[in-house]
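Asker: Sequence:
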Amino acid sequence: MDTDAAADSDDELEAIINGAESHDVVPVPAIPETTVGEWFVERAKYIPMRLTLGERKYLRLLEAALHVSEYTDKIDTIGFGLSKAKRIVYQIRELCAILSGLVLSADYKQGQELFSDKDFQSNEEFYQQIFELGRRHKIMNPDKMRSTYGKLIYLLQDSQTPEVKDILGFSCVKPIKSVFTLLEEHNAVDLLRDDLVAIATKEIYSEGRSRRDIQKDIKAKERAIETLAARYKREGLEQENIRQCLYSIGDNHAFLRTNRDPCDRMISYLKEYFHPTQAKDGKHSLAIRSGKGGARLSHDHSKQYAYVIQSLTLWREILHDMFHLWTLAEQDLLSENVSYRLRDTGQGLNRVQASPKTSRMMHAILNRAQRSIGSWVGSSVIHMGDHNVPNSLMFIDKYSQIYRILLPICNTVAHIPSLMDKPALRSYIEDEFGSQDGLSREILSDFFRHGFDGSGADNFFDAGSCIDGRLTSAWNWCSTLEKKRFFPVFLLTGFIGFDGEW
1 MDTDAAADSD
11 DELEAIINGA
21 ESHDVVPVPA
31 IPETTVGEWF
41 VERAKYIPMR
51 LTLGERKYLR
61 LLEAALHVSE
71 YTDKIDTIGF
81 GLSKAKRIVY
91 QIRELCAILS
101 GLVLSADYKQ
111 GQELFSDKDF
121 QSNEEFYQQI
131 FELGRRHKIM
141 NPDKMRSTYG
151 KLIYLLQDSQ
161 TPEVKDILGF
171 SCVKPIKSVF
181 TLLEEHNAVD
191 LLRDDLVAIA
201 TKEIYSEGRS
211 RRDIQKDIKA
221 KERAIETLAA
231 RYKREGLEQE
241 NIRQCLYSIG
251 DNHAFLRTNR
261 DPCDRMISYL
271 KEYFHPTQAK
281 DGKHSLAIRS
291 GKGGARLSHD
301 HSKQYAYVIQ
311 SLTLWREILH
321 DMFHLWTLAE
331 QDLLSENVSY
341 RLRDTGQGLN
351 RVQASPKTSR
361 MMHAILNRAQ
371 RSIGSWVGSS
381 VIHMGDHNVP
391 NSLMFIDKYS
401 QIYRILLPIC
411 NTVAHIPSLM
421 DKPALRSYIE
431 DEFGSQDGLS
441 REILSDFFRH
451 GFDGSGADNF
461 FDAGSCIDGR
471 LTSAWNWCST
481 LEKKRFFPVF
491 LLTGFIGFDG
501 EW
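Quick note: the sequence shown uses the UniProt record's numbering, first residue 1, plus one each step.
Rather than coming from a laboratory, the hints here were simulated on the basis of the structure.
It is possible that some hints are incorrect.
For lysine-lysine, the following PhoX-like pairs were computed, each having C-alpha atoms within a straight-line distance of at most 20 Å [stated by the list, open to error]:
#, residue 1, residue 2
1, Lys165, Lys144
2, Lys57, Lys45
3, Lys221, Lys233
4, Lys74, Lys219
5, Lys292, Lys174
6, Lys45, Lys357
7, Lys86, Lys74
8, Lys174, Lys357
9, Lys283, Lys45
10, Lys174, Lys202
11, Lys202, Lys221
Please read these numbers as outputs of a predicted model, since none were measured by experiment.
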């Protein structure tokens, strides 16, 4: 893709996105107060509200109903007796009926209200609300609802088509409840511009700090939350609602720490252990050659260093704006104007759908990353709506897995010094790898070489140096970890797998 053309077309969106420039979020960067306030206002538009205790009860019912539903098995199939629209309506009504039954068993009074009319249309608001809870919970917790979110979003996608809407008689979709929408509804957006918000929402780190300092920060945070809750409460907006808003922003910071910060740590490891342009010897070299060790790209040391740092920087930028991207991805998926087609992509039948909003935002993020680095190695093609990434759901799912790759590697490297404290393990490491630094460098150099070597497919369109292919190569490296000679070190530091355990 022509990056200059992409930059021109994305100027308008860039102006919005760059309001939340990607520097450290926790604590808030040292920038002018007015800018910090506007940064919180802009970011709060895409931060979903944390679920309340009452809402979590309905979330469990929704998950239970989705677990037993065979929605995608019945709908995403070629050749069937009934028309597709009638099949969709039948399945949606069946799920709503299951939900109504579960609600009746969990809350008799609420269930009686649902059954009093025996009419789906009159309960439209309830179904919209319960489906919105599931979507909101998933955005806040990408590691949850791994087997049910796809069913939910595809069901809602089908419910948006005009033919299905006409037969169904009601809409299943409502906008996500965000921190900004709740505050705007009660004319309390100024809360986000208050200086105390930074203190009330910051993450408190324990690493390398005394208990006294940690307790001091906790008390300051609690005071800030209570002060803001008392200062901005008004009719319809209770103190508990304000606390919930602040906790939701704090949840976003926790998300960034888990998902985005491993990218920062890997960038710092790259800079610490390797020189940008020169390699002292073979152990310090990141050079790769096509055909050797499974690599499908040929880069000298400096080119591979640049390729790795720009890939990690791009991932960092994507994860920094993940909530914004997720909002746009759902808008694309649930659009009434952009239809999908069922197609065999080589990985089974998939819904192939264009994602204009997500794609536009991704190009803006890519241009921002390119400008921050200066030069670009490899392709800048972004796969979206093709057989590699059929739709924006697959895109979001793919990039929300980055921390599963990077976090175990970061944790292993960070725990190596503690292994050196045990004489037997110290002897093993020194005999096998020479030193603590030698071990860390070997793990990192192997990942930086073969986690970014274009492997993972048999052609350059499906993998290689394109934006999507970089992640394919990293996943491919994970699948070969147990064949590496440093794999026992991963096990010694508590590694279980790349599936969310660390």
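Asker: Hint numbers the structure violates, sorted upward?
Answerer: Hint check: 1, 2, 4, 5, 9, 10 fail, others pass.
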